[in-house]
Structure formats: structure tokens, C-alpha cells
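Trainee: Chain residues, written in single-letter form:
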Amino acid sequence: MSNTPETDDDHAATATAADTVLRTEGITKRFGGLTAVNDVDVEVHEGEIVGLIGPNGAGKSTLFNCITGTLTADEGRVTLQGEDVTDWPEYKIARAGLGRMFQETRIFGGMSVRKNLLLAAQEGGADIGGLLRRPDDSLMERTNELLDYVDLGGLADTRAGRLSFGQQKLIEFVMELMAEPDLLLMDEPAGGINPTMLENLIDYIRTANDEEEATIFLIEHNMDFVMEIADRIYVLAHGERIATGTPDEIQHNQHVIDAYLGRE
Amino acid sequence: MSTDPDTSGLLRSILPPERLDRLFDLCGAHGWKLIAAGAVVGALPPVFGLREGYMMTVLSEMFLFAILALSWDIVGGQTGYPSFGNMAFFGIGGYATAILVKDAAISFPIAMVGAVVAVLVFAAVNGLIVLRLRGHYFAIATLGILLAIQQVTRNLDITGGASGKILFDVPPGIVFYYFFLAVLVVEMAVVYYLTQTRFGFILNAIRDDEGKATAMGFNTTYYKTAAWMLAALFTGLAGGAYGLFNTFLDPQTAYNGAWNVELIAMALMGGTGTVAGPVIGAFGLHTIIEYVESSFVGWQLVLLGAAIIVTVIRFPKGVVGTLRAYANEMDYYERGGMAATDDEEVTTDE
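Which chain is which? The protein sequence lines are A and B, in order.
For the first sequence, this note's numbering puts the final residue at 264, and the numbers step up evenly by one.
For the second sequence, this note's numbering puts the final residue at 1350, and the numbers step up evenly by one.
Because the hints were derived from the structure by calculation, they are not lab data.
As the structure is a prediction and not an experimental result, all values here were calculated from the model.
There may be inaccurate statements among the hints.
Which residues of chain B face chain A? A partial, calculated answer using Cβ under 8 Å [what the hints assert, rightly or not]:
{"#": "1", "residue": "Phe1201"}
{"#": "2", "residue": "Asn1204"}
{"#": "3", "residue": "Asp1208"}
Beta-carbon label-pair distances, calculated as ranges [to be verified]:
{"#": "4", "chain 1": "A", "residue 1": "Leu34", "chain 2": "B", "residue 2": "Arg1022", "range": "55 to 61 Å"}
{"#": "5", "chain 1": "A", "residue 1": "Asp137", "chain 2": "B", "residue 2": "Ile1158", "range": "51 to 57 Å"}
{"#": "6", "chain 1": "B", "residue 1": "Ile1313", "chain 2": "A", "residue 2": "Leu34", "range": "29 to 35 Å"}
{"#": "7", "chain 1": "B", "residue 1": "Gln1196", "chain 2": "A", "residue 2": "Glu25", "range": "41 to 47 Å"}
{"#": "8", "chain 1": "B", "residue 1": "Ile1309", "chain 2": "A", "residue 2": "Glu83", "range": "51 to 57 Å"}
{"#": "9", "chain 1": "B", "residue 1": "Leu1011", "chain 2": "A", "residue 2": "Glu46", "range": "54 to 60 Å"}
{"#": "10", "chain 1": "A", "residue 1": "Asp39", "chain 2": "B", "residue 2": "Ile1313", "range": "50 to 56 Å"}
{"#": "11", "chain 1": "A", "residue 1": "Glu228", "chain 2": "B", "residue 2": "Leu1133", "range": "57 to 63 Å"}
{"#": "12", "chain 1": "B", "residue 1": "Tyr1291", "chain 2": "A", "residue 2": "Gly129", "range": "44 to 50 Å"}
{"#": "13", "chain 1": "B", "residue 1": "Phe1048", "chain 2": "A", "residue 2": "Arg134", "range": "33 to 39 Å"}
{"#": "14", "chain 1": "B", "residue 1": "Ile1129", "chain 2": "A", "residue 2": "Glu228", "range": "48 to 54 Å"}
{"#": "15", "chain 1": "B", "residue 1": "Gly1305", "chain 2": "A", "residue 2": "Glu228", "range": "57 to 63 Å"}
Cross-link-like lysine to aspartate or glutamate pairs, in silico, EDC-like; alpha carbons within 20 Å at most [as the list claims (entries may be wrong)]:
{"#": "16", "chain 1": "B", "residue 1": "Lys1212", "chain 2": "A", "residue 2": "Asp182"}
{"#": "17", "chain 1": "A", "residue 1": "Lys92", "chain 2": "B", "residue 2": "Asp1209"}
{"#": "18", "chain 1": "B", "residue 1": "Lys1212", "chain 2": "A", "residue 2": "Glu176"}
{"#": "19", "chain 1": "A", "residue 1": "Lys92", "chain 2": "B", "residue 2": "Glu1210"}
{"#": "20", "chain 1": "B", "residue 1": "Lys1102", "chain 2": "B", "residue 2": "Glu1052"}
{"#": "21", "chain 1": "B", "residue 1": "Lys1212", "chain 2": "A", "residue 2": "Glu141"}
{"#": "22", "chain 1": "B", "residue 1": "Lys1212", "chain 2": "A", "residue 2": "Asp187"}
{"#": "23", "chain 1": "B", "residue 1": "Lys1212", "chain 2": "A", "residue 2": "Glu104"}
{"#": "24", "chain 1": "A", "residue 1": "Lys92", "chain 2": "A", "residue 2": "Glu180"}
{"#": "25", "chain 1": "B", "residue 1": "Lys1102", "chain 2": "B", "residue 2": "Asp1169"}
{"#": "26", "chain 1": "B", "residue 1": "Lys1033", "chain 2": "B", "residue 2": "Asp1021"}
For each residue, glycine too, the CB sits at the ideal point set by N, CA and C.
When you get a sec, could you build the whole thing from the sequences and use the hints?
Mentor: Here it is as C-alpha cells:
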């Protein structure tokens, strides 16, 4: 059982190095005198959905920011698909296969929904030819398919900023399906959306995981959601990793219960 | 929303939104033909005898301002970086051409090539610096560069210092009329094409949320600099021809800060982030300014200020943007869109 921090790596140990998509080793990030993230190791393997939970201020978003390159870790290493990306700029890490959905949902409000999706498609890349070509039919078809999939087909030519919050969240998710990153980081996907849409979102994430083999690492406060969807969970408190295990193990872990109840 | 439904009853009866929407769709589908038609119409006046005089000059200046406004919009409207220093490209283009033509006795077309190279180098270097700033900081920095360049030019011998350069033996006005028209048509075609490409999408993405664009894997500095250089290219071409067109160039004319405000106003009034907007704004505002200037000398700047205030408060989307919003207002609901509060109805599969 992985009830203590010392023996919690049995899941990671069973996986081979080859299918490790993301690995952080000893990530530490300080802001002045505050150590927001302290010596944190995580591993995400291909095809997994891994949850990251912890009380407010535990350092979850900071850890995400160190992984994406938005912040640079003071210590430690981030490896993506076997490559050390610790000091890479954010855009380069994204291009190497890291997708990110933001807590507050960020899409391009002044552009049509379709253009948001076309932009997310990675093919065409950054070469001049790809930049100066108009999107081809197969790409257009893919946008139609994905929009129909989330029942937003009729809004393809609408300005994305006019969509409701829930719709925008779906669009941000579909943009990631368009991009097909090796690893998708989601910051509170269940935040601020109603129960019906939450059910749908769980379905969509599951389907993406089952059928497209999407690998997902997500921060979540909604415990029902994360317990239902995650294969494994990491728990942070005060910047430190206090536990990892299956949802079932985490729910019965005394360290975790204490952290959430505010006991040290 | 800038279109107030209660006050647009008259508009509604004359031009219902559905009809305007169809018109926009039609324009969108035939953009190339519209640009070509505009080129033909623009080429006609001289054919029918307008070859010199006041009207000729006014029309040439209209094309010139349209070039400047559309160039400003590539970075200011499409990319969301409002520059107050575009006239620096104009002045550098102008002085480079003037020096090459007058002092080096190089022919006008070849001098223009030299001017373009000078402007592009300048834009690349300063773009990599100022484009790291955003919002107000960017605007102030570009204005600072414009003023600095103006001072430097004033103190150099090669530029003729404060008294400037007088240019003799310039081509006749009709050459500049067609030159400005040609540059404008090419620029409209280029911008129109780019708005349909991945490059154009990336510029819009930077405007809407640069942080998100970076998180999606775009090195935004690279794209911003490319847009900046494209704007510099067309502004520099216009400036290069302007010195000869005007037969005189001094620091005040070449780096005209008031013009810089004027071309921003044109883009705003026409509608930023569109191809037609800045051009319509330039034609409209230049006509008005020209009229006011000839009837009430000095009042054109007062008018300009008032016009900017009214535009920003009442019609922030400009002519094109406001009409487009009006045309699309029903669209969203008809196609299944919901207000922000009722999104539970959106995905009702079960």
C-alpha cells in the first residue's frame, strides 16, 4: 500500500522508462522567503489520467507553471518525452508536445470558433510555407467533426468571445483534441461549470483517453470528479508531495485527510 | 454593444441585419474581385482627364493615408500593439530615398529599393526591442523612438538638418498617383490573404491573449516582428515616394506626429482588424479633414480630437466593425448560441 510518502512509488516503479511522458525530479520553486514547491517528483506515463490535488496554496499551479516553462524552477529537472526541457522557453516546451488548459479558460475571443481550432492544429507548424498557406479541406473537416462532437457545430463561425463560459471551456478542450499533445495539463477542468456539463466533460475526457490515448495530468478541487476520472493521484500540501496512489488509496490516506482538515 | 437596438429603427427598416449579413458574406466570398474592382475604379480618374491640380493631390494623399492606416492596423489592429511611432518608418523611407536620389544621383525606383532595405533593417532591430513591451508601455516607447529619430535627423548633415531637403526634377504627379494606388492595392491584397492564413490567425491570437498563444507553442516575438516589418515595408514605401511627391522633406514633415495620430484615428473609425476598415476610415477622414482645413484653417486638429473621442466611446469597432456586429446580431442565437447564464441547455444529448 502506498499510504506513506516513503513507499509511494510502487505505481511509478511498475512502469518502464520508455512510456514515461513527463517526469519532474526535485522541483523547487521559491518566491522570496516562501517555498511554493519543495523538492517535488512526479511521473506521468503514456495513456494515464493523473490527478494533482491539495488544499489551496499547496503549490499545484506553481508546479504546473514550472512544467510548462511559464516559471523556471529554482532547482530540479523537468523531462518531457525523455528530453530535459527545464530551461526551455514556454513556447518551445508547448511545441515539443505539451498542451495546457487554464483554470480561468482562455480562448481567443475576437476570433471565430473555427479559427481557434485551426490555430490549435499543430500541422503546418512554424515553417514559412505552413504559415502562409490557407487551411486545407482535411483540417476544415476535422474542425467540423470536433465541433459536432461537442454539439457546438452551429457556432463554428461565431466569435468565440460570445460563447458562454461552459461553451468556452468545451472549445478550449476541443482545441487540445485538435492539437493532440503528448501530454495535456488541465487546471481545474471542473471549475465553474454546471453538473450536466460536468458529466459531459467527464465523458469527453474519458473518450479522449480511451480512444485517442490522450495522456492527462490535471489539477482538481472537485473530489468526486477527480476520484472518478483519475488512474493515480498526487497530493501536495505546503509545497511538498505528501502522498500518491490510486483514488481509493488516497481517500483512505491519513496524511491526506489531515492535510485537508488542516492538521499537520 | 455599440449598436443600440432602440435607436436603429430607421436603419433596421432600410437595411435589415439579415440583408447586411448576406452582403458581408458576399464581400467575404468575393474579396479578390472587390480589391480588383477598387483598383480599376482608382485607376480611372486620370483616364478621364484628371492628371494634375488640387483634386489629383487630394486623391493621391487619400491613397497615401490609406496605405499608412492599413499598415498601422497590421500591428495595431490585427496584432493588438498600438504604435505611435509608425511615422518613423515613413521618415526613414523618405530620407533614404531623398538622399539616394539627390546626393547619390540614383534613379527613383532603385532608390526605393534602398529605402525599403533601410526601413526593414530599422524595423527588425527596433521591433525586437519595443515589441517586448505591451499596452501603454509599447505605445510610449514607439512614440519615444519617433521623437528620437526626429531629433537625430535634425542634427545630421546628410539629412540637411533642420532645414531639410528640397528635391528638384521629380516625376510628374500622375506617377505618384499610380504609385500610391498600386502600393495600396498590393497591400490590401497581402493583408486580405494573410488574414486567411495561419500567420494571420497567429497575429489575431496575439491580440486576444498573447500568454495563451505562447502556451500553445507560438514564439510570439517572432510573429510580432514579422508583422512589424511588414507594416514598415509599406509605410517605408509610402514615405519613400512622399518626399519626391512633396518635393520637400524636413524632420517635421517626415516624422509627423500629428499624422501618426491621424492614421490611428482613420484605422479606429473605419474598423481595426479588418482590411476595408482602415481604407474606408482613411478616405472618409481625409476628405473631412481636407474640407475643414480649407474652410476653417487650424480647426482640423480640434475636429480630429473630437472625432477620436466620439469613435472610441460610441463606435469602438469603427464603421466596419459596428456594421458587422449589427449584421451578425441574430446569427448567434439562431445557430444555437446561449447567453452566459443558460449554458446547461447547450449539451442536451441525454
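Trainee: For every hint, state whether the structure bears it out.
Mentor: Against the structure, the hints come out as follows:
| no. | hint | result |
| --- | --- | --- |
| 1 | Phe1201 | 5 Å, holds |
| 2 | Asn1204 | 5 Å, holds |
| 3 | Asp1208 | 4 Å, holds |
| 4 | A:Leu34 / B:Arg1022: 55 to 61 Å | 59 Å, holds |
| 5 | A:Asp137 / B:Ile1158: 51 to 57 Å | 55 Å, holds |
| 6 | B:Ile1313 / A:Leu34: 29 to 35 Å | 44 Å, violated |
| 7 | B:Gln1196 / A:Glu25: 41 to 47 Å | 45 Å, holds |
| 8 | B:Ile1309 / A:Glu83: 51 to 57 Å | 54 Å, holds |
| 9 | B:Leu1011 / A:Glu46: 54 to 60 Å | 58 Å, holds |
| 10 | A:Asp39 / B:Ile1313: 50 to 56 Å | 54 Å, holds |
| 11 | A:Glu228 / B:Leu1133: 57 to 63 Å | 46 Å, violated |
| 12 | B:Tyr1291 / A:Gly129: 44 to 50 Å | 47 Å, holds |
| 13 | B:Phe1048 / A:Arg134: 33 to 39 Å | 38 Å, holds |
| 14 | B:Ile1129 / A:Glu228: 48 to 54 Å | 50 Å, holds |
| 15 | B:Gly1305 / A:Glu228: 57 to 63 Å | 60 Å, holds |
| 16 | B:Lys1212 / A:Asp182 | 18 Å, holds |
| 17 | A:Lys92 / B:Asp1209 | 18 Å, holds |
| 18 | B:Lys1212 / A:Glu176 | 12 Å, holds |
| 19 | A:Lys92 / B:Glu1210 | 15 Å, holds |
| 20 | B:Lys1102 / B:Glu1052 | 24 Å, violated |
| 21 | B:Lys1212 / A:Glu141 | 24 Å, violated |
| 22 | B:Lys1212 / A:Asp187 | 14 Å, holds |
| 23 | B:Lys1212 / A:Glu104 | 11 Å, holds |
| 24 | A:Lys92 / A:Glu180 | 16 Å, holds |
| 25 | B:Lys1102 / B:Asp1169 | 10 Å, holds |
| 26 | B:Lys1033 / B:Asp1021 | 19 Å, holds |
Hints 6, 11, 20 and 21 from the earlier list are contradicted by this structure; the remaining hints agree with it.
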